[in-house]
Amino acid sequence: MIDLADIQGDIVRAYGNAYARTTYLFVKVRDAEQGRTWLSSLVDRVTNAEPWTEGKPETALNLALTCAGLQALGVPQQTLDSFPSEFRAGMADRATLLGDTGPSDPSTWDRGLGTGEAHVLITVNALTDELLDSTLQQLETEMPSAVTGLHTEHGKVLEGAREHFGYADGFAQPAIEGATEDKTPGGGVPLAEGRWRPLALGEFILGYEDEESRDDPDRGLPSAPDAPLGRSGTYLVWRKLHQDVALFRKSLQEAAAFYEDGDEEKLAAKIVGRWRDGTPLVHSPDAADTAFDAAAPGANDFRYADADADGYRCPLGAHIRRSNPRDALGWEGRLSFRHRMIRRGMPYGPELPAGVTDDDGQQRGLVFACFVASISRQFEAVQVQWLNDGNIFHLGHDKDFLLGDPAGTGKMTVQGDPPFILGPQRNIVTTRGGEYLFVPGITALAAIADGVAG
Amino acid sequence: MKRANVSGQACALMAMTPIAPGEEPALRGYLEGFRGQSPLARLERTHFARWVIVPDYVNDPKQRHEEHLGGPYLIFTSNFDGPLDTYLDELAAELADEAREIWGRCVGAPQTAADLKRYLMHNQIDTGFFYAAYPTATVAKVRAALGNRDRLIDFALRAQSMPPQELRAAFLAEGFA
Chain Y
1 MIDLADIQGD
11 IVRAYGNAYA
21 RTTYLFVKVR
31 DAEQGRTWLS
41 SLVDRVTNAE
51 PWTEGKPETA
61 LNLALTCAGL
71 QALGVPQQTL
81 DSFPSEFRAG
91 MADRATLLGD
101 TGPSDPSTWD
111 RGLGTGEAHV
121 LITVNALTDE
131 LLDSTLQQLE
141 TEMPSAVTGL
151 HTEHGKVLEG
161 AREHFGYADG
171 FAQPAIEGAT
181 EDKTPGGGVP
191 LAEGRWRPLA
201 LGEFILGYED
211 EESRDDPDRG
221 LPSAPDAPLG
231 RSGTYLVWRK
241 LHQDVALFRK
251 SLQEAAAFYE
261 DGDEEKLAAK
271 IVGRWRDGTP
281 LVHSPDAADT
291 AFDAAAPGAN
301 DFRYADADAD
311 GYRCPLGAHI
321 RRSNPRDALG
331 WEGRLSFRHR
341 MIRRGMPYGP
351 ELPAGVTDDD
361 GQQRGLVFAC
371 FVASISRQFE
381 AVQVQWLNDG
391 NIFHLGHDKD
401 FLLGDPAGTG
411 KMTVQGDPPF
421 ILGPQRNIVT
431 TRGGEYLFVP
441 GITALAAIAD
451 GVAG
Chain U
455 MKRANVSGQA
465 CALMAMTPIA
475 PGEEPALRGY
485 LEGFRGQSPL
495 ARLERTHFAR
505 WVIVPDYVND
515 PKQRHEEHLG
525 GPYLIFTSNF
535 DGPLDTYLDE
545 LAAELADEAR
555 EIWGRCVGAP
565 QTAADLKRYL
575 MHNQIDTGFF
585 YAAYPTATVA
595 KVRAALGNRD
605 RLIDFALRAQ
615 SMPPQELRAA
625 FLAEGFA
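Protein chains in written order, with my numbering: chain Y, 1 to 454; chain U, 455 to 631.
With the rest of the complex left out, here is chain Y (with noise of 0.2 Å):
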């Protein structure tokens, strides 16, 4: 049994679309006892996990902690240390790592980000603009002087729920046990004669049995930070992507000036892996398909392996076939199927208009936001060597074409008769800022508060 109770919400069942806005608060905690008074007063408040059986509330409401904010609130060291380090570090010292170098590096990150200062992560989702304005007014006067907003990040669902670029995003999560096994075709487990089945759920929420532990008797339940924070928990990858879309529709102009007739639309579908609907290309590689249904069974339910192994119809660099391999990687996806992620992005900016191809000089990107029970294992393993690197699949050292390291030499070669190459990538993405994020239980949370944390 889950204890969707004890669980935030959005994470093993996404709020979806169902809130226009989401705003993101970084506060930063100056004194233990009057940040704990202060977390006190919103446990309540928290939105959990449990199925809204009267409709969706107005507004919900989240929380996360750095490490320096678990600090910050008093949390004993011992219970610190009992913390993956990659967590202790936080994502600013894992730059090198991630390939935030160049107009990625964290000294050039947003103010308050990557320095230590981001203490708690506020989540707010709202229904309206004046939800949303009166919550965060609320918020905003509750906090006691040693409580101060850091920065602030609106995210807004963009026409058609796609993002910046103009794709259609977010169909591929994990499906897991007992939560989202509706998700399990294309979502789960590759197995045997295109069967699946769906993940545990230790692989994304702390205290559960995960894909090593579950059958095998003699294990223990998988590592967690020390009791009373070791349950109910999970880890948040939050990064503030800038996307330069001028940029990304120029240079896809350029290219496919020599591509195929020309095809714009199928050359931007062979980078992404989709068409910009979201209709898989291994499924359609010709065209999108105008019947495509995100949430229709089976929309998602594809392979690389037997359909598609030279990456005639999906790249083999393509962005969804580096993040999520399926069983591109070979052995029947038993490579990939502990590096899967819970994504929850969001976009925020203003659109460019369709069809400018020079920068208006607006900020606009993606918060990538995603949850993982081990940021190593699973959000970190997928940049480093999926993204930023092209050695697994035998692609030497291109890198993703979207999110690739500007200063790298890689390419992204389109599998075809005869095959087409696009150019070492431009800084199409840039990161803007980013933190590694506990996110308590609501028990764990209330002992955080209470100063009971270990």
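Some hints here could point you the wrong way.
Simulated restraints, written as ranges between beta carbons of each label pair [unchecked claim]: (1) Y:Ala32 x U:Asp514: 39 to 49 Å; (2) U:Ala610 x Y:Gly74: 55 to 65 Å; (3) Y:Ala89 x U:Glu486: 38 to 48 Å; (4) Y:Arg30 x U:Val596: 51 to 61 Å; (5) Y:Asp263 x U:Leu626: 28 to 38 Å.
No lab work stands behind these hints: they were computed from the structure. These numbers come from a predicted model, not from an experiment. Ideal Cβ positions, reconstructed from N, Cα and C, are used throughout, including at glycine.
Given the coordinates of chain Y, work out where chain U should sit on it, guided by the hints.
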């Protein structure tokens, strides 16, 4: 040279030398001072190489009697394009200054280039089994191939927009080796 030290044209060398009494901290400091700037980069036939200081044995807490090394040792290992003989000549000539700082702090410190070569061969420990991922490719060949890859990518990018005649001329002009 023992056959186990060789795979294709690649060779393995390991030499273990006792560090002179009291010299370990200075030697460690000197090696750490290289940071990203290894003098081994000047030996263009080197695939991988390292200096390792072994301060003592690791003792199993359960073993009856603790065992200790007589003193700290320096291990030098290198995987390189053979043969050993000329590699050591190059090392002795090219790394003369560094060698004085490194092996000069070991027992029986070699004085001249010829000394150093004899010294390393005398203290060589033969390999049990040597594996090289690309036994026939020299470092120079690997570097050239990486350079060719970048040039080829650049060429392929330009070529995508060229009509056949121009493509032929451009390809010949590149003269890919």
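Cross-check of the supplied hints:
At about 44 Å, the CB distance of Y:Ala32 to U:Asp514 agrees with the hint of 39 to 49 Å. At about 59 Å, the beta-carbon gap between U:Ala610 and Y:Gly74 stays in the expected band of 55 to 65 Å. Distance hint for Y:Ala89 and U:Glu486: a CB-CB separation of about 22 Å, inconsistent with the stated range 38 to 48 Å. At about 55 Å, the CB distance of Y:Arg30 to U:Val596 agrees with the hint of 51 to 61 Å.
Taking 28 to 38 Å as the suggested C-beta distance range, the pair Y:Asp263 and U:Leu626 conforms, at roughly 31 Å.
The structure fails to meet hint 3 from the earlier list, while all remaining hints are met.
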